[in-house]
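**Q** Listed here are the chains, written in short residue letters.
Number of protein chains: 2
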Amino acid sequence: MVQQKEMSSGVEWRIRVGDGSSETLVPEVAGVASRVWLGLKKMIAGFGFTVWRFLEKAWDLGADDPRKMIHCLKVGIALTVVCLFYYMRPLYDGVGGNAMWAIMTVVVVFENTVGTTVSKCLNRVFGTFLAGFLAVGVHWVADHSGEKFEPLIIGVSVFLLASAATFSRFIPTVKARFDYGTMIFILTFSLVTVSGYRVDKLFDLAHQRISTIIIGCSLCIFASMFVCPIWAGGELYNLINRNMDKLANSLDGYAAEYYNQSEEEAHKKLVGYKCVLNSKATEESLANWARWEPAHGRFNFRHPWKQYLKIGAAMRSCAYCIEALNGCINSGNQDSKFMKKYLSSSCLKVSSSSSSVIKELAKIIKTMTKSSIIDLLVGEMNSAVEDLQNDLKSLSGLFNPPEAETPENDTKPEKTLMSTASIPLMGLISVVTFACLLMEIASRIEAVVEEVEELANLAGFQCKSKQNQASTKIGPADELNDEDAMKTLEKA
Amino acid sequence: MVQQKEMSSGVEWRIRVGDGSSETLVPEVAGVASRVWLGLKKMIAGFGFTVWRFLEKAWDLGADDPRKMIHCLKVGIALTVVCLFYYMRPLYDGVGGNAMWAIMTVVVVFENTVGTTVSKCLNRVFGTFLAGFLAVGVHWVADHSGEKFEPLIIGVSVFLLASAATFSRFIPTVKARFDYGTMIFILTFSLVTVSGYRVDKLFDLAHQRISTIIIGCSLCIFASMFVCPIWAGGELYNLINRNMDKLANSLDGYAAEYYNQSEEEAHKKLVGYKCVLNSKATEESLANWARWEPAHGRFNFRHPWKQYLKIGAAMRSCAYCIEALNGCINSGNQDSKFMKKYLSSSCLKVSSSSSSVIKELAKIIKTMTKSSIIDLLVGEMNSAVEDLQNDLKSLSGLFNPPEAETPENDTKPEKTLMSTASIPLMGLISVVTFACLLMEIASRIEAVVEEVEELANLAGFQCKSKQNQASTKIGPADELNDEDAMKTLEKA
Chain A
1 MVQQKEMSSG
11 VEWRIRVGDG
21 SSETLVPEVA
31 GVASRVWLGL
41 KKMIAGFGFT
51 VWRFLEKAWD
61 LGADDPRKMI
71 HCLKVGIALT
81 VVCLFYYMRP
91 LYDGVGGNAM
101 WAIMTVVVVF
111 ENTVGTTVSK
121 CLNRVFGTFL
131 AGFLAVGVHW
141 VADHSGEKFE
151 PLIIGVSVFL
161 LASAATFSRF
171 IPTVKARFDY
181 GTMIFILTFS
191 LVTVSGYRVD
201 KLFDLAHQRI
211 STIIIGCSLC
221 IFASMFVCPI
231 WAGGELYNLI
241 NRNMDKLANS
251 LDGYAAEYYN
261 QSEEEAHKKL
271 VGYKCVLNSK
281 ATEESLANWA
291 RWEPAHGRFN
301 FRHPWKQYLK
311 IGAAMRSCAY
321 CIEALNGCIN
331 SGNQDSKFMK
341 KYLSSSCLKV
351 SSSSSSVIKE
361 LAKIIKTMTK
371 SSIIDLLVGE
381 MNSAVEDLQN
391 DLKSLSGLFN
401 PPEAETPEND
411 TKPEKTLMST
421 ASIPLMGLIS
431 VVTFACLLME
441 IASRIEAVVE
451 EVEELANLAG
461 FQCKSKQNQA
471 STKIGPADEL
481 NDEDAMKTLE
491 KA
Chain B
1 MVQQKEMSSG
11 VEWRIRVGDG
21 SSETLVPEVA
31 GVASRVWLGL
41 KKMIAGFGFT
51 VWRFLEKAWD
61 LGADDPRKMI
71 HCLKVGIALT
81 VVCLFYYMRP
91 LYDGVGGNAM
101 WAIMTVVVVF
111 ENTVGTTVSK
121 CLNRVFGTFL
131 AGFLAVGVHW
141 VADHSGEKFE
151 PLIIGVSVFL
161 LASAATFSRF
171 IPTVKARFDY
181 GTMIFILTFS
191 LVTVSGYRVD
201 KLFDLAHQRI
211 STIIIGCSLC
221 IFASMFVCPI
231 WAGGELYNLI
241 NRNMDKLANS
251 LDGYAAEYYN
261 QSEEEAHKKL
271 VGYKCVLNSK
281 ATEESLANWA
291 RWEPAHGRFN
301 FRHPWKQYLK
311 IGAAMRSCAY
321 CIEALNGCIN
331 SGNQDSKFMK
341 KYLSSSCLKV
351 SSSSSSVIKE
361 LAKIIKTMTK
371 SSIIDLLVGE
381 MNSAVEDLQN
391 DLKSLSGLFN
401 PPEAETPEND
411 TKPEKTLMST
421 ASIPLMGLIS
431 VVTFACLLME
441 IASRIEAVVE
451 EVEELANLAG
461 FQCKSKQNQA
471 STKIGPADEL
481 NDEDAMKTLE
491 KA
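The listed protein sequences derive, respectively, from chains A and B. 1 is the number of the first residue of the first sequence in this note's numbering; add one for each residue after it. 1 is the number of the first residue of the second sequence in this note's numbering; add one for each residue after it.
The following block holds chain A by itself, in its conformation from the complex (with noise of 0.2 Å):
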């Protein structure tokens, strides 16, 4: 309905820019009214225009992530019921005026993932419990200690204890776990010392605050929890899956761009790895958040999120180097074309295996199983890397004819044809660096691989099946075996 209204006023605005401008020829005083509501019209429909483009936006967002749009809905519903809990005689009795505090819980404490909305009512509770206390005792001893010293100790206490709670959050671990629940400390104390000293009627308010504070809270667990609830830990671990994939698609693509072998393919794959340079404060935030969640589907309480921040790091570390072999691409247009094609099959046989590597890694934590091949894989990728070095020092054969006729390099052709002529080094420069850059890669992928054994430790992934890792060790079954697995889980 809202979104055919801004429509037509759309289209209302281009036809009535044409009229406005036909208008100019008409006397004086008609004019400058005729321009007001010209202005006027143009400016509601700028407006109109604006909030079209911004609806417009907005769906786009809601397509891509239905999950967003039900959280808003969780949202206006459980604030609906609470609005419910307060029209309802009998409650209003129980819980009074003070009612607006379930509301204000809802709506502060009620967020997208389960770990940020169970932190955040956990903050809470325990900020306004602890506070409560304390708040107690001060008013108790201010009240015992004459009229003349109430306000003075009521007082010192709140910029006291103000002072310390805000240097608190300064704190990076404070700031990182408790930061909502300092802030509703220094709420709640200055909210009751103060209160307390008119209201006289102390325990009953912090009575009536707890229990719509423990009502709001519990509602909003039981929604986000129960609720299509989407889980931090359950992000992370997409996240880091995802730019597992990515990853392994720009290893691919670059080399693939810089051997021009199927530009168009390998272009939007090239981008993939920015996504790994920018993510660490979402990582970092999630697994901040998802240490507060119960067990849920695969993962129990105490699985190592901080594992997969190491991860995200290590992965980063090959980011930078992918970022590097960028610039690579870009000068190296001076490259000699016969060192390229020589070098071709050993960086594009690095490259593969080691962006296999990584998308066995992806898989290890797909199916949270321990892989039985992924040390040969890694074998692998470490012989490429050899075959690569030897490549490389044969090329130096290339230019020191007493060498070349080493029995190593009699396998290749071109190669004695070549060490006749000369080859201009230049050529050669931004070659070796691609192919050192990628030895980098692999050498960096090894930590990856390091960090990634480490969480299936920490988190217990199973190794396959005996009779899988005894009848097939690496072969096509195996691999079929794994991929069945994958389609199963992802179905489920």
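By construction, these hints were calculated from the structure, which means they are not laboratory data. This one's a predicted model, so the numbers in the text were calculated from it and none came from an experiment. Just so you know, not all the hints are guaranteed correct.
Intra- or inter-copy, both count: the list cannot distinguish identical chains.
Capping the alpha-carbon separation at 27 Å, the derived lysine-lysine pairs in DSS-like fashion look like this [stated by the list, open to error]:
{"no.": "1", "residue 1": "K175", "residue 2": "K57"}
{"no.": "2", "residue 1": "K175", "residue 2": "K148"}
{"no.": "3", "residue 1": "K366", "residue 2": "K148"}
{"no.": "4", "residue 1": "K274", "residue 2": "K310"}
{"no.": "5", "residue 1": "K393", "residue 2": "K341"}
{"no.": "6", "residue 1": "K41", "residue 2": "K359"}
{"no.": "7", "residue 1": "K280", "residue 2": "K68"}
Chain A is fixed; fit chain B onto it per the hints.
**A** Just chain B now, kept in the frame of chain A:
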């Protein structure tokens, strides 16, 4: 006081543990009691020790940046002042029991930097105002549509607006600037519609809330802006400056480390570039807050803060290459010493000229004046890159004796000496990669130069006085003038 207590309990702990272990030979009942007692003491002491360590860390944090301590004191004072508002009878009558909202405003809105505080205040005021306005409208409609429809209309409106507002928080622009305002909007709208249903004196309520919130906001804005202010813009400016210095130092450091010059000195500087890699999130949030800040110091209201983000991104792309250099150095054990020496002077020249370009850029930003020598420095850097390229080219002469006798190579005596010997190309690889990455860094620095020049244009940096420009184009006199300018600026 607290710290001393903790200290003594820590000492006590160590002594008592000794006592306890010698008591295990005493009869059983006494043994159990003593063990419980011991366990309890251990627990308390352990807790004390943790608290002590925590306090020590907190002290370091405070000593590191005294402005944080000042901020804490400011929050404490502001909160105490608001409590005074509440103690004073006349004000109590004026703003009523809603004085609570003033306290809440101070606690929630008062943030570390001026920009954050201002943005939160504006968000809070406009969110409250807009929501109050809408809620009164909805309430009026509900009032005039009969008792049956009243709760229905209110419920549906709460549901729709809460869902829509929650959804808008997912839109990146809204998330960055109006996240808090949207939350306040939902909160106020629900509170006003629901309590309007009961209290039936909506305008009084709205008036009270708005006035208390404005009191709280004014206090916060006043305190954050006029008492030892911390400007988000200034922080961003300092961060970019600091990162530029670190980048220049890292560049110098790596070149020095690679060529084994002054290892101890170099090592401290190396890690600097990692700050550049990780500062994206900080930069973005600071730039986001900075746009809310009024003119202050050397920055006017519409200072192009976004441009700093672009400079940061360009610097980061340099840092990626330095990270790749890092890998190069670690794997460069098998370099031929001769090759390294052969290229060392030109490599060091590239790194020193590019780091001096960065230093000059840092100076442009620090002094906020356009530099007359930046083009010259960039030219110098480019010619250093060309020299390096030529050296690399001439290397090919080493491998191709017939080409070695070209006239441009006559100046280097080592060359003819080596042209007859065989050089393992393997030892060349990391040297060439190092050189290639240095050239890539130089080309990325040019991107930084462009962004800084764009900043200079957007922010209207002044040229140095024409006299200076005319008399000394580059000479040491101009250099001195720059340093003088910086010193005066630093003093100011």
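**Q** 27 Å Cα cut-off: does K41 pair with K359 within a copy, between copies, both or neither?
**A** neither (57 Å within a copy, 53 Å between copies)
**Q** Please work out whether the CA atoms of K175 and K57 approach to 27 Å or closer within one copy, between two copies, in both situations, or in neither?
**A** between (33 Å within a copy, 14 Å between copies)
**Q** Could you place K393 and K341 in one of the four classes (within, between, both, neither) given a Cα distance threshold of 27 Å?
**A** Answer is both: 16 Å inside a copy and 21 Å across each meet the 27 Å cutoff.
**Q** Within, between, both or neither: how does the pair K366, K148 come out at a Cα-Cα threshold of 27 Å?
**A** neither (68 Å within a copy, 54 Å between copies)
**Q** Given identical chains, is K175 near K148, meaning Cα to Cα at most 27 Å, within a copy, between copies, both, or neither?
**A** neither (38 Å within a copy, 48 Å between copies)
**Q** Is it within a copy, between copies, both, or neither that the alpha carbon of K280 lies no farther than 27 Å from that of K68?
**A** both (22 Å within a copy, 26 Å between copies)
**Q** With identical chains, the pair K274 and K310 could be close in the same copy or across copies; at 27 Å between alpha carbons, which is it: within, between, both, or neither?
**A** both (18 Å within a copy, 16 Å between copies)
Comparing the model with each earlier hint shows violations of hints 2, 3 and 6; every other hint is respected.
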